[in-house]
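Protein chains in written order, with UniProt numbering: chain G, 1 to 284; chain V, 1 to 284; chain X, 1 to 284; chain U, 1 to 284.
Hints are supplied without guarantee of correctness; some may be wrong.
Copies of one chain are not kept apart here, so a pair can be met inside one copy or by any two copies together.
In the DSBU-like style, the derived pairs of lysine-lysine whose C-alpha atoms are separated by at most 35 Å in a straight line are [said to hold, decoys possible]: (1) Lys-203 with Lys-14; (2) Lys-14 with Lys-252; (3) Lys-2 with Lys-96; (4) Lys-14 with Lys-160; (5) Lys-74 with Lys-247; (6) Lys-179 with Lys-14; (7) Lys-132 with Lys-160; (8) Lys-252 with Lys-2; (9) Lys-247 with Lys-14; (10) Lys-279 with Lys-266; (11) Lys-247 with Lys-64; (12) Lys-89 with Lys-74; (13) Lys-266 with Lys-179; (14) Lys-266 with Lys-145; (15) Lys-89 with Lys-279; (16) Lys-96 with Lys-203; (17) Lys-64 with Lys-96; (18) Lys-142 with Lys-247; (19) Lys-74 with Lys-148; (20) Lys-247 with Lys-2; (21) Lys-266 with Lys-203.
Keep in mind the hints are simulated off the structure, nothing from the lab.
If you want the building blocks of each chain, they are given just below.
Protein chains: 4
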Amino acid sequence: MKRITILINCNDSKGIIASVTNFVSQQSGNIVYIDQYVDREEEMFFMRLECEFSVEVFNVEVFKNMFNEVIANKFEMNWQLHDGDSKPKMAVFVSKYSHCLYDILSRYNAGELDVEIPLIISNHPDLENIAKSFNIPYYCIKVTKDTKVEAENEQLRLLKEYNVDFIVLARYMQILSSKLIAEYPDHIINIHHSFLPAFPGAKPYHSAYKRGVKIIGATSHYVTEDLDEGPIIEQDITRVSHTHTIKDFILKGRDLEKIVLSRAIKLHTQRKVMVHNNKTVVFT
Amino acid sequence: MKRITILINCNDSKGIIASVTNFVSQQSGNIVYIDQYVDREEEMFFMRLECEFSVEVFNVEVFKNMFNEVIANKFEMNWQLHDGDSKPKMAVFVSKYSHCLYDILSRYNAGELDVEIPLIISNHPDLENIAKSFNIPYYCIKVTKDTKVEAENEQLRLLKEYNVDFIVLARYMQILSSKLIAEYPDHIINIHHSFLPAFPGAKPYHSAYKRGVKIIGATSHYVTEDLDEGPIIEQDITRVSHTHTIKDFILKGRDLEKIVLSRAIKLHTQRKVMVHNNKTVVFT
Amino acid sequence: MKRITILINCNDSKGIIASVTNFVSQQSGNIVYIDQYVDREEEMFFMRLECEFSVEVFNVEVFKNMFNEVIANKFEMNWQLHDGDSKPKMAVFVSKYSHCLYDILSRYNAGELDVEIPLIISNHPDLENIAKSFNIPYYCIKVTKDTKVEAENEQLRLLKEYNVDFIVLARYMQILSSKLIAEYPDHIINIHHSFLPAFPGAKPYHSAYKRGVKIIGATSHYVTEDLDEGPIIEQDITRVSHTHTIKDFILKGRDLEKIVLSRAIKLHTQRKVMVHNNKTVVFT
Amino acid sequence: MKRITILINCNDSKGIIASVTNFVSQQSGNIVYIDQYVDREEEMFFMRLECEFSVEVFNVEVFKNMFNEVIANKFEMNWQLHDGDSKPKMAVFVSKYSHCLYDILSRYNAGELDVEIPLIISNHPDLENIAKSFNIPYYCIKVTKDTKVEAENEQLRLLKEYNVDFIVLARYMQILSSKLIAEYPDHIINIHHSFLPAFPGAKPYHSAYKRGVKIIGATSHYVTEDLDEGPIIEQDITRVSHTHTIKDFILKGRDLEKIVLSRAIKLHTQRKVMVHNNKTVVFT
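Isolated chain G, as found in the complex (with noise of 0.2 Å):
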């Protein structure tokens, strides 16, 4: 059996469903799994649809011509159709910290994500070591007030030579340039170490100690121009009191962020997740 999966958007109208469902029933295509959702301010609809077709017959080429000419056009659908057999690659950003590689890293090594790490890319040379012992390619690329463009060129070609679909900065300290975020619309997936919109910017855990919040979070988004303001795709939050220091909720936080960022790639490798109007639809 072929699974694939399709991802649709477009202004509601009536007869949607049917006509998509029809269309891959007359395909011999059986529907697996279908989740539909309608932005009833906006008038969009969105739908996600797993299919199964039988190898001999199928053939995607076909499939997505077809399905463009008598579906995707009456509509005018966005829409993209993943093929269950090829993972995509995930480049991972990291600085200092380890609490995220680590833990996408072992999740990897555990066969937990559908995914291909091809390279790990870092402004430090902290973690080679563990990139090391998982055998992935570290690149150690400073970046300095002067640097930046240079470094950033330097990504680029690293993420082009490598084939990179969608980037993870697990904790990385600096801020992307324009130009890399348009390279990778809604595939750059950050962690941010406070309950967004709270505290966006840097150093979140000083600013919720200060207030004195009884309940800390962490965001996963994608990166926008606009620092800490991208389509939230997850969160998560645990509570802290009047005992706790900065220390405790740093280290706190840290089981949040690894844990949320985990359940956005997740979420974003498996398809799950559409962007519209700087918000997420996240299909279950």
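Mind docking chains V, X and U on chain G? Use the hints.
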């Protein structure tokens, strides 16, 4: 616009989704919500559809007959059609604890629950004043070992008289007889004050205290003949510590009980719960 | 047995705990609970003690004077002694939403809250019937731009008349004046329907929806002159998804609001909250 | 400054707190943290103190003797004094699952755990490479029905050789013998992959799936002779739905397991856990 909800359950096979959506489309209906689930172990298919039809042309009875002939028979479906126009009638059974009753009635009053509450039945007179202040008939039917059969017959008589659709046991401290349960299969919602399957039966907070658990819970489930073993609709938990006494467990538990029960009531009235093999499918 | 609660706050120095516990012991008291906290940044010491004395020999006034002379003056303490015999008087302010009021009054009725509620004040007549059904005086004092000063004077008059100890704003939709706030420092408890500091001010559920957060919250805090910036007593959260409308946010939020507010009320009445530097110490 | 931690447990009686704090004060110590708890049912008193002494004058052995004579004997206390200077030695037992081991070792590497890990013991060779990459000796001791006694003797020999203080079973899939358990009472920490007391024993995720629960959990507890019935140190939960397969339960559970286990390890190493009557007192 006329809105209907269709729930479908049958053995899984190819083409069900396409057939159903196509049928709705041919009847000039528009699908506004679709959710589906396949239990791969049991090869069982579950679907929930919300469809809109223009009032002028739509006739429920005609649609039902057509659906039966064209679709349901073909796939040997169990199916139900719910008409959004009529609110289900919910009976509330209580004993002496007021917290769940207050919670239900204050939500009811605020228009949160899409039900009618034609009557409250209790084995004690204690909560009559609350019922009165919400203008709902309150029937006190004492239950003793000797009068149990009689009492239940009286309950059944009232349930029939008021055309009750489903029953909520809001901390009702009596075990229902098989006869009453058989009259309302998957239509009696209980709240049990533990995280089932831990601590079934009487005095779960005492058992939880004795075991030294760090988290307590509450579970809402459909009542079956096996005490506290019916299909679970919703659960939630709260943290406790060694500093909490049994009385604290009980007070903290109350907040859980009322919220978990009200969530279960909402899911049930929105026709989002399907039961199979003593488990629930709960659509979002 | 006579039980008293002592709250202490002063600059940290050596020997405070030993001095206090020794003093209580010398007065033939038994310490049944002690909790203490030192803010290392501010070098501030906080302590909460519950002590028991035999009724025959204990005299509160004598104890207070002794404590002041022997202990409090020495360490330059801010301190309070609470006598378990008298219940604090709590005024509830409401507008049109009933959920928090119902929740408070049903807990009050069930004996869960260790307070007296001598009156309810509202700027709308809507909830009068609820107050009536719980036999609590309800004062409707309209507040408009022009009558604000007058209205608040009337509120203050009532608060004095009823000897109110502290105020709960149970979704009261007016901003209090500095004058009223100054009369009850750290004695006015508000519930804000967001996870502060995210979404302060008006319509937080709308803002949360617009931002596409995956978790919403509620925050109970003491009211200060800075809107929604007072010391946080308690917070809690619940998950939301893209499928939830603003109306869903509001309904889900209600359950948070009432639980977070009631927890804050309980902590306050149990004298477990101390305020310093716009933050709270919340003893367990 | 020299910091020590004192744990006290005895029958409750008047004046314990005052006596202890006074004693510390007389020895020129400063109490920087005090927490206490009385089990009213059992009339048992528990206390945890952190005190600071100036290094020049403080002698641990002298202090211990004095404390014993003046305080401990009088109140018939069980008590322990922990010297902050030495880190406890923790042995990790594993089988084939790597997630808990990775989690422990990456925290260890990041300086999060205040322990030494002198060795890892396993009944399988699978995780040796991980141990190696963290430079920790790995002993593979096969356990079969026939070799169980021998294998455990070898384990005991190693534990003695390395002066191990306590043992962590990081998803170790063998049941320990009474002999080994007796050597480390309340010093063997296990992680069980269910919300105990629900689903003790083997394959709890399978049982949870079958029962159709809406929440799964993990429990860390001290090992006693009764399987999965030892004193609970920490628990946590995560939500599941009908859409999750057993495999999903297992993956989601892993995140719980590692976090719950690491929290238990931290509490244990910070001497915050006291055991009585098969329950724990966990100080904050």
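Structure-based check of all given hints:
1. Lys-203 with Lys-14: between (48 Å within a copy, 33 Å between copies)
2. Lys-14 with Lys-252: Answer is between; shortest inter-copy Cα gap is 30 Å, intra-copy 48 Å.
3. Lys-2 with Lys-96: Close across copies (32 Å), not inside one copy (42 Å); limit 35 Å.
4. Lys-14 with Lys-160: The answer is neither: 42 Å in one copy and 41 Å across copies each exceed 35 Å.
5. Lys-74 with Lys-247: Result: close only across copies, 33 Å inter versus 57 Å intra.
6. Lys-179 with Lys-14: Neither: 39 Å inside a copy, 47 Å across copies.
7. Lys-132 with Lys-160: both (22 Å within a copy, 34 Å between copies)
8. Lys-252 with Lys-2: between (43 Å within a copy, 27 Å between copies)
9. Lys-247 with Lys-14: Cα proximity of Lys-247 and Lys-14: across copies only (25 Å, versus 55 Å in one copy).
10. Lys-279 with Lys-266: both (18 Å within a copy, 27 Å between copies)
11. Lys-247 with Lys-64: So Lys-247 and Lys-64 pass the 35 Å test across copies only (32 Å; inside, 53 Å).
12. Lys-89 with Lys-74: Classified as within: same-chain Cα gap 33 Å, cross-chain 45 Å, threshold 35 Å.
13. Lys-266 with Lys-179: Intra 26 Å, inter 44 Å, cutoff 35 Å: intra-copy only.
14. Lys-266 with Lys-145: Close inside one copy (34 Å), not across copies (40 Å); limit 35 Å.
15. Lys-89 with Lys-279: within (24 Å within a copy, 39 Å between copies)
16. Lys-96 with Lys-203: within (15 Å within a copy, 39 Å between copies)
17. Lys-64 with Lys-96: Cα proximity of Lys-64 and Lys-96: none, with 44 Å in one copy and 43 Å across.
18. Lys-142 with Lys-247: within (27 Å within a copy, 41 Å between copies)
19. Lys-74 with Lys-148: Neither: 46 Å inside a chain and 59 Å across chains, both beyond 35 Å.
20. Lys-247 with Lys-2: between (50 Å within a copy, 21 Å between copies)
21. Lys-266 with Lys-203: both (27 Å within a copy, 25 Å between copies)
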